[in-house]
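Residue numbers (our numbering), protein chains in the order written: chain A, 1 to 450; chain B, 1 to 166.
The hints are simulated quantities; they were obtained by calculation from the structure and are not laboratory data. Positions of the beta carbon are idealized from the N, C-alpha and C atoms, including for glycine. Please note that the accuracy of each hint is not assured.
As the list claims (entries may be wrong) - Covered by chain B, per the in silico footprint, the following chain A stretches (three or more residues, Cβ under 8 Å):
1) 107 to 113
2) 125 to 131
3) 160 to 171
4) 178 to 190
5) 242 to 248
6) 346 to 357
Claimed, not checked - Taking lysine to any residue and the SDA-like style, the derived pairs with C-alpha atoms no more than 20 Å apart in a straight line are:
7) Lys183(A) / Pro115(B)
8) Lys183(A) / Gly22(B)
9) Lys183(A) / Glu61(B)
10) Lys277(A) / Gly94(B)
11) Lys433(A) / Asp96(B)
12) Lys433(A) / Gly94(B)
13) Lys197(A) / Gln21(B)
14) Lys122(B) / Arg159(B)
15) Lys23(B) / Lys433(A)
16) Lys10(B) / Lys183(A)
17) Lys183(A) / Leu55(B)
18) Lys183(A) / Lys23(B)
19) Lys197(A) / Lys25(B)
20) Lys122(B) / Arg350(A)
21) Lys25(B) / Arg188(A)
22) Lys10(B) / Val130(A)
23) Lys277(A) / Asn295(A)
24) Lys140(B) / Val130(A)
25) Lys190(A) / Glu71(A)
26) Lys25(B) / Arg184(A)
27) Lys369(A) / Asp96(B)
28) Lys140(B) / Gln135(A)
29) Lys183(A) / Ile16(B)
30) Lys305(A) / Gly317(A)
31) Lys25(B) / Lys277(A)
32) Lys25(B) / Lys305(A)
33) Lys46(A) / His24(A)
34) Lys8(B) / Arg184(A)
Residue-level listing of the chains:
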Amino acid sequence: MGKKLLIDRVGIEGIRYFDTYRKHGGYASVEKAFKMAPADIVEEIKKSGLRGRGGAGFPTGMKWSFLAKPEGVPRYLVCNADESEPGTFKDRYLMEFIPHLLIEGLVVSSFALGSNRTFIYIRGEYAWIVDILEQAIEEARQNGFLGNNILNSGFDCEIYVQRGAGAYICGEETALLESLEGKRGNPRIKPPFPAVKGLWDSPTVVNNVETLAAVVPIINMGGDAYSQIGIGKSTGTKLISACGNINRPGVYEIDMTISVEEFVYSDEYCGGIPNGKKLKACIPGGSSVPILPANLLFKTAKGEKRMMTYESLADGGFQTGSMMGSGGFIVLDEDQCVVRHTLTLARFYRHESCGQCSPCREGTGWMEKILNNIEYGRGKMNDIDLLWDIQRRIEGNTICPLGDAAAWPVAAAIRHFRDEFEWHVLNPEESQKRNYGLANYAEPREVVAS
Amino acid sequence: MITFSENKLKEAQRIINRYPQGKQKSALLPLLHLAQDEFGGWLDVPAMDYIASLLNIEPIEVYEVATFYSMYNLKPVGRHVFEVCQTGPCMLRGSDQIIDYIKQRLQINVGETTPDGMFTLKTVECLGACGYAPMMQLGKTFREHLNEEKVDQIIEECRSKAARNN
Numbered sequence: 001m002g003k004k005l006l007i008d009r010v011g012i013e014g015i016r017y018f019d020t021y022r023k024h025g026g027y028a029s030v031e032k033a034f035k036m037a038p039a040d041i042v043e044e045i046k047k048s049g050l051r052g053r054g055g056a057g058f059p060t061g062m063k064w065s066f067l068a069k070p071e072g073v074p075r076y077l078v079c080n081a082d083e084s085e086p087g088t089f090k091d092r093y094l095m096e097f098i099p100h101l102l103i104e105g106l107v108v109s110s111f112a113l114g115s116n117r118t119f120i121y122i123r124g125e126y127a128w129i130v131d132i133l134e135q136a137i138e139e140a141r142q143n144g145f146l147g148n149n150i151l152n153s154g155f156d157c158e159i160y161v162q163r164g165a166g167a168y169i170c171g172e173e174t175a176l177l178e179s180l181e182g183k184r185g186n187p188r189i190k191p192p193f194p195a196v197k198g199l200w201d202s203p204t205v206v207n208n209v210e211t212l213a214a215v216v217p218i219i220n221m222g223g224d225a226y227s228q229i230g231i232g233k234s235t236g237t238k239l240i241s242a243c244g245n246i247n248r249p250g251v252y253e254i255d256m257t258i259s260v261e262e263f264v265y266s267d268e269y270c271g272g273i274p275n276g277k278k279l280k281a282c283i284p285g286g287s288s289v290p291i292l293p294a295n296l297l298f299k300t301a302k303g304e305k306r307m308m309t310y311e312s313l314a315d316g317g318f319q320t321g322s323m324m325g326s327g328g329f330i331v332l333d334e335d336q337c338v339v340r341h342t343l344t345l346a347r348f349y350r351h352e353s354c355g356q357c358s359p360c361r362e363g364t365g366w367m368e369k370i371l372n373n374i375e376y377g378r379g380k381m382n383d384i385d386l387l388w389d390i391q392r393r394i395e396g397n398t399i400c401p402l403g404d405a406a407a408w409p410v411a412a413a414i415r416h417f418r419d420e421f422e423w424h425v426l427n428p429e430e431s432q433k434r435n436y437g438l439a440n441y442a443e444p445r446e447v448v449a450s
Numbered sequence: 001m002i003t004f005s006e007n008k009l010k011e012a013q014r015i016i017n018r019y020p021q022g023k024q025k026s027a028l029l030p031l032l033h034l035a036q037d038e039f040g041g042w043l044d045v046p047a048m049d050y051i052a053s054l055l056n057i058e059p060i061e062v063y064e065v066a067t068f069y070s071m072y073n074l075k076p077v078g079r080h081v082f083e084v085c086q087t088g089p090c091m092l093r094g095s096d097q098i099i100d101y102i103k104q105r106l107q108i109n110v111g112e113t114t115p116d117g118m119f120t121l122k123t124v125e126c127l128g129a130c131g132y133a134p135m136m137q138l139g140k141t142f143r144e145h146l147n148e149e150k151v152d153q154i155i156e157e158c159r160s161k162a163a164r165n166n
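Based on the sequences and whatever the hints tell you, model everything.
This is how it looks when you write it as C-alpha cells:
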C-alpha cells in the first residue's frame with residue numbers, strides 16, 4: 001500500500017470540522033511555517049519537487065519564485081478550484097471531505113508569498129462546497145489561524161471564496177483572473193505572466209487546490225523527505241479520479257510508484273473492468289490528453305512497464321504516449337465507441353471555447369459537426385482527413401491551451417482508432433453500434449488484491 | 001423598480017466589501033447568482049440593470065458577463081431544472097439513456113419546460129461528478145448514480161415539494 005499524505009484522514013468522523021482536524025495534527029504546518037522566513041518556505045517547496053496538480057505539471061516552487069515583489073504593491077494568491085476537466089473530480093473530494101487541509105495550505109502559502117487577501121475561485125456548480133469552505137474559514141478565523149496578526153506573527157490574512165458560473169475556460173489561470181475581476185473569462189495574452197501582472201494588475205500566484213494542499217505535508221516533513229517519495233521528477237503523491245467502465249470509480253491517492261496495470265486491476269484502486277469485459281482504451285489524465293489503446297496503456301512502445309508517473313505516462317510523446325494531466329482517469333471497455341466518446345468531448349470543447357481566437361472558435365464547431373456526421377452515418381471517408389487537418393490547424397494557434405486541449409483528443413482518436421472511424425463511414429446503418437471488434441483489446445483478467 | 005430584500009442587500013454589501021477600493025466590479029458574478037436566486041431563477045434586463053446600479057458600472061458590463069456564463073438563465077425556467085451531464089465519462093455510464101428516459105417521463109425535449117412550469121430539462125457539459133455517473137444537477141445539489149427508479153423518485157420529490165409549498 002502506497003503512502004497517503006492528503007486524504008489519509010478522510011475516514012475520521014468529524015474531520016471536516018476544526019476541532020477534530022486539529023486533534024489529528026491539523027494546522028501544525030502553520031505553526032512550523034510561521035517560525036520560518038517566507039523565502040525559506042519557498043525553498044522547501046522547490047526542494048520537494050512538487051509539480052502543479054492542475055494539469056500542466058509546472059514546478060510549484062519555481063512558479064512561486066517568479067512572483068514579483070515591488071515595494072508597496074499588494075500580492076495575491078488565488079486558489080484554482082474551477083475543476084472542470086472531464087474525468088476530474090479530485091479537488092471536489094478534497095474540499096468536500098477535508099476542507100481544512102486546503103485552508104491550512106492556503107494560510108502557509110499566503111504567508112510564504114505575502115498575500116493578505118487570498119481567493120478560492122470555485123466552479124459555480126460546486127455550490128454546496130462553498131458553504132463547507134466558508135464554514136472552515138470561519139472556524140480557522142475563530143481559532144486564530146486567519147484574520148489579523150495570525151499566531152502573533154504580525155501577518156494578516158483573509159480568505160474569500162468566489163463562485164464561478166459555469167465556464168471551463170476559467171480554469172485557465174488568466175481567464176480565471178478576468179472572471180474574478182467580474183469580466184468574461186477571456187484568457188489574456190502572456191507575457192506578462194500573472195506573477196508580474198495578475199489580479200487587478202498586481203503580482204499573483206494561481207495554484208490548483210491539490211497543489212496548495214500538498215504544501216501542508218511538505219512543510220511538515222520537509223521538502224527533501226517529500227522528494228524521496230515517487231520516481232524521478234514525479235515526487236510526492238497524486239490524487240487520481242478514476243471513472244468510466246471500472247468496478248470502483250472514485251478518488252485515489254497514489255505515491256507515483258505503481259504501474260498503470262496495477263492501478264486498473266488492483267482492488268485497492270479501480271478494481272478491474274465490470275462484467276468480465278475487456279479494456280479497450282483509456283484517457284489517463286483528463287479529457288484533453290491523448291487516448292491510449294490497451295496495448296499502449298500498460299506497456300510503452302519500448303516495451304517497458306508503464307507507470308503512473310508524469311514521465312512514464314508521457315513516454316513516447318503523443319505518437320505512443322499520453323500525459324498525467326489532471327489525473328482524470330477515464331476507462332473505456334470493449335463496448336464503447338471511440339467515435340461517440342470523441343464526439344462528446346468535441347461538443348464539450350465547442351461549448352467551452354471562449355470565442356476569442358478564430359481557430360478554436362470555428363475549429364471546435366467544425367470538429368463537432370464532422371464527428372456528428374460520422375457518428376450518425378452521414379460521414380465520408382475524406383472527413384477523417386479533414387478532421388485531422390482541422391485539429392492540426394487549431395493546435396498551437398490560440399492564445400490559451402484550450403485550443404490544444406480540443407485538438408489532442410481528436411488527433412489521438414484518429415491516430416489510434418482510425419479503423420473505427422472508417423468502419424462508421426463504410427457501415428452507415430450500423431454506425432451507432434458500439435462493439436466493432438476492431439480494436440486491440442486487453443483480455444479480461446482477474447482483479448488482484450494488493 | 002426591483003430591489004433586493006434587506007437581507008440580500010446586506011449579503012451583497014458583505015460580498016462587495018471583500019475587494020479593495022475601486023475593484024467592486026469583482027462582485028459581479030456573485031451578485032448575479034444572488035439576483036438569480038432572488039428574482040425567480042433567471043435574469044431579465046431590469047434585474048441586470050439593478051446589479052449594474054449596485055456596482056456603479058454600465059449595464060452593458062453586466063450583459064456581456066451574464067451572456068458568457070452558462071449558469072445564468074436569460075429566459076424563464078421551470079421551478080425545478082434538471083441539468084443532466086452528457087459529456088464522455090457520463091456517456092460511458094449511460095447518460096444517453098437517462099436523458100431519453102427523462103424526456104419520455106416529462107414529455108418534453110431538451111431545452112423545454114413542462115406546460116405546468118414545473119420542470120425544465122437541460123443537458124450540460126461535465127460537472128465534475130464523473131465517478132458517480134450518470135448524474136444531474138438539481139438546484140444547489142448533485143444527484144448521482146442515476147437510474148430510472150432514481151429519476152422517478154426525484155420527479156416525485158419535486159412534485160410533492162411543490163404541492164407542500166402551494
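Consistency of the hints with the structure:
no.	hint	in the structure
1	107 to 113	violated (count 0)
2	125 to 131	holds (count 4)
3	160 to 171	holds (count 8)
4	178 to 190	holds (count 7)
5	242 to 248	holds (count 4)
6	346 to 357	holds (count 5)
7	Lys183(A) / Pro115(B)	36 Å, violated
8	Lys183(A) / Gly22(B)	15 Å, holds
9	Lys183(A) / Glu61(B)	8 Å, holds
10	Lys277(A) / Gly94(B)	16 Å, holds
11	Lys433(A) / Asp96(B)	14 Å, holds
12	Lys433(A) / Gly94(B)	14 Å, holds
13	Lys197(A) / Gln21(B)	18 Å, holds
14	Lys122(B) / Arg159(B)	18 Å, holds
15	Lys23(B) / Lys433(A)	54 Å, violated
16	Lys10(B) / Lys183(A)	23 Å, violated
17	Lys183(A) / Leu55(B)	13 Å, holds
18	Lys183(A) / Lys23(B)	12 Å, holds
19	Lys197(A) / Lys25(B)	18 Å, holds
20	Lys122(B) / Arg350(A)	17 Å, holds
21	Lys25(B) / Arg188(A)	18 Å, holds
22	Lys10(B) / Val130(A)	18 Å, holds
23	Lys277(A) / Asn295(A)	16 Å, holds
24	Lys140(B) / Val130(A)	10 Å, holds
25	Lys190(A) / Glu71(A)	23 Å, violated
26	Lys25(B) / Arg184(A)	12 Å, holds
27	Lys369(A) / Asp96(B)	18 Å, holds
28	Lys140(B) / Gln135(A)	17 Å, holds
29	Lys183(A) / Ile16(B)	15 Å, holds
30	Lys305(A) / Gly317(A)	16 Å, holds
31	Lys25(B) / Lys277(A)	53 Å, violated
32	Lys25(B) / Lys305(A)	52 Å, violated
33	Lys46(A) / His24(A)	27 Å, violated
34	Lys8(B) / Arg184(A)	24 Å, violated
In this structure, the hints that do not hold are numbers 1, 7, 15, 16, 25, 31, 32, 33 and 34, in rising order.
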